[in-house]
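**Student:** Respectively, the protein sequence lines represent chains A and B.
Residue numbering for the first sequence follows this note's numbering, starting at 2 and increasing by one per position.
Residue numbering for the second sequence follows this note's numbering, starting at 14 and increasing by one per position.
To be clear, the hints were calculated from the coordinates, so they are not data collected in a lab.
Careful: at least some of the hints might be erroneous.
As the list claims (entries may be wrong) - Here are a few chain B residues that sit away from chain A, every Cβ distance over 10 Å (derived from the structure):
| # | residue |
| --- | --- |
| 1 | G77 |
| 2 | D84 |
| 3 | H86 |
| 4 | L95 |
| 5 | V101 |
| 6 | E114 |
| 7 | G142 |
| 8 | E163 |
| 9 | Q171 |
| 10 | A203 |
Stated by the list, open to error - Just the calculated beta-carbon pair ranges, DEER-fashion:
| # | chain 1 | residue 1 | chain 2 | residue 2 | range |
| --- | --- | --- | --- | --- | --- |
| 11 | B | G32 | A | S53 | 53 to 61 Å |
| 12 | B | R226 | A | G107 | 57 to 65 Å |
| 13 | B | G124 | A | G27 | 54 to 62 Å |
| 14 | B | V224 | A | K186 | 47 to 55 Å |
| 15 | A | T192 | B | G188 | 27 to 35 Å |
| 16 | B | A203 | A | T192 | 41 to 49 Å |
| 17 | B | G188 | A | R62 | 52 to 60 Å |
| 18 | B | G70 | A | S53 | 48 to 56 Å |
Stated by the list, open to error - Pulled from the structure, derived: some chain A residues nowhere near chain B, Cβ distances all over 12 Å:
| # | residue |
| --- | --- |
| 19 | W15 |
| 20 | E198 |
| 21 | Q220 |
| 22 | I223 |
These numbers come from a predicted model, not from an experiment.
Cβ atoms here follow ideal geometry from the backbone N, Cα and C, with glycine treated the same way.
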Amino acid sequence: MTLATLPTRRDEAWRYADMGALARLGVAALDAWQAIDVAAGESLTRYMVIGSDAPEVLRIRVSLGEGARAAFFVTNRGGDYTRVELEVRLAKGAHFEFGGVTIGGGDATREFVTQVVHAEPEATSNQTIRAVHWDTGTGNFLGEIKVARHAQKTDAAQDFKGLLLEAGASANVVPQLQIFADDVKCAHGATVGELDEAARFYMMARGVDPATAQRLLVQAFIGDAFVSLDDEAERATLLDAALSALEGARL
Amino acid sequence: MLTITDLHASVGDKPILKGLSLHVPAGEIHAIMGPNGAGKSTLANVLGGKPGYEVTGGSVAFRGQDLLALDPHERAAAGLFLGFQYPVEIPGVSNVQFLREALNAQRKSRGEEPLSGGEFLKLAKEKAGLLKMDMEMLKRQVNVGFSGGEKKRAEMVQMGILDPAFAVLDETDSGLDIDALRIVGAGINAIMRSPDKGVLLITHYQRLLDVVRPDKVSILAGGRIVETGGPELALRLEAEGYDSVMA
Chain A
2 MTLATLPTRR
12 DEAWRYADMG
22 ALARLGVAAL
32 DAWQAIDVAA
42 GESLTRYMVI
52 GSDAPEVLRI
62 RVSLGEGARA
72 AFFVTNRGGD
82 YTRVELEVRL
92 AKGAHFEFGG
102 VTIGGGDATR
112 EFVTQVVHAE
122 PEATSNQTIR
132 AVHWDTGTGN
142 FLGEIKVARH
152 AQKTDAAQDF
162 KGLLLEAGAS
172 ANVVPQLQIF
182 ADDVKCAHGA
192 TVGELDEAAR
202 FYMMARGVDP
212 ATAQRLLVQA
222 FIGDAFVSLD
232 DEAERATLLD
242 AALSALEGAR
252 L
Chain B
14 MLTITDLHAS
24 VGDKPILKGL
34 SLHVPAGEIH
44 AIMGPNGAGK
54 STLANVLGGK
64 PGYEVTGGSV
74 AFRGQDLLAL
84 DPHERAAAGL
94 FLGFQYPVEI
104 PGVSNVQFLR
114 EALNAQRKSR
124 GEEPLSGGEF
134 LKLAKEKAGL
144 LKMDMEMLKR
154 QVNVGFSGGE
164 KKRAEMVQMG
174 ILDPAFAVLD
184 ETDSGLDIDA
194 LRIVGAGINA
204 IMRSPDKGVL
214 LITHYQRLLD
224 VVRPDKVSIL
234 AGGRIVETGG
244 PELALRLEAE
254 GYDSVMA
């Protein structure tokens, strides 16, 4: 299907998007879906650092065969509107893992939009998203989980935490669960808060300077998103990309 | 080493310290006792530079510097250690990472070379041993899942690693059983009992002072030091209570 026109904020999946940036990007970019098929029993892991000074929209459709696994780990540190969208379909016993971090200041919006369809029984999915923003920066997570009527023993989890370093920054989270089966586990949680001032003072009282204290606390906060990533070098790359974006953030 | 002169401080709009003066020279362990609400923890927090504590008058000189003009991390680099009454949990950050960052930040600000990972671990192991703490605990997240006593022992391990010139210890004995109290007290002696170091030891109880023998004891009440004496003052308090001393 080709989009004839740009979406509007009335479209649920675009409700927090930066419409001005989308107009600059143009409709054609929205039609560019990547398709990834993971065959039965196979597994795939993708690591991505996304973000530049221009709008970026990355749309990926992932289809997982029986018992297949796919893991996506993304640092989204856009300097302009940056959207990463994942549509995932899980066959029987498949697993989808997603760890995502949005981080940044300025006035840019960065977002993750996921739609995870548990089409068949016994599939599992786990999504951990962390958002760290300052200035008037925004981080969004729109996460939809659909469980088909016969997809019994589905186990789906979604966890979002936002950390706002100053007033003016924002985080929006929209969990949507559509469950038609009756023997499933679907967990979701969402919180938004500020930096732990007690922990920051504790660190400073031991000699850690304010910027390092902030970096350590942010590192601990976003670390959850990459905790299931076994490859230490890749994990370090994703963390470093996020933490280098933090330089220049308000202390 | 530490000279507090006519210190006034408020929390919110409430004045807590009301003209507190105290001098602790190098080589002295000075115990501060006093009833609840006297301002003991406020004194510790003001010395550490905790946000929310406003100094409204007076001065604090520390090793020739205006302590109150320094940020908390600069106070640490200048040689001040604040032992917390309630040590803070920091999920996601290991003790080893935290303390190495802290020590190297202090060394950097003093113009010293940073310690390598290996050198740091050797030092940490030695100090943990002093406090009879398993190195495995230091690899865990800062204070997360530690019992009250373990947190206080970990504070002393931190003090040992950072090796400050002066320690302000805020009720380091609270929450300790008898054995842990002896270990912590012996740790304070080992780390801080020195002619060129000083300690301000805030406590409610004589039992810590049986292990860490103070050179001086002051009573803090109503936001000021109302009496200073030798160790016998603490014994008198233990026997007679604050009313008799302050009457």
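**Student:** Hint by hint, say whether it matches the structure.
**Tutor:** Hints, verified against the model:
no., hint, verdict
1, G77, "holds, 19 Å"
2, D84, "violated, 7 Å"
3, H86, "violated, 4 Å"
4, L95, "violated, 5 Å"
5, V101, "violated, 4 Å"
6, E114, "violated, 5 Å"
7, G142, "holds, 20 Å"
8, E163, "holds, 16 Å"
9, Q171, "violated, 7 Å"
10, A203, "holds, 20 Å"
11, G32/B <-> S53/A: 53 to 61 Å, "holds, 59 Å"
12, R226/B <-> G107/A: 57 to 65 Å, "holds, 58 Å"
13, G124/B <-> G27/A: 54 to 62 Å, "holds, 55 Å"
14, V224/B <-> K186/A: 47 to 55 Å, "holds, 53 Å"
15, T192/A <-> G188/B: 27 to 35 Å, "holds, 30 Å"
16, A203/B <-> T192/A: 41 to 49 Å, "holds, 43 Å"
17, G188/B <-> R62/A: 52 to 60 Å, "holds, 56 Å"
18, G70/B <-> S53/A: 48 to 56 Å, "holds, 53 Å"
19, W15, "holds, 33 Å"
20, E198, "violated, 7 Å"
21, Q220, "violated, 7 Å"
22, I223, "violated, 9 Å"
Hints 2, 3, 4, 5, 6, 9, 20, 21, 22 from the list above are not met by this structure, while the remaining hints are.
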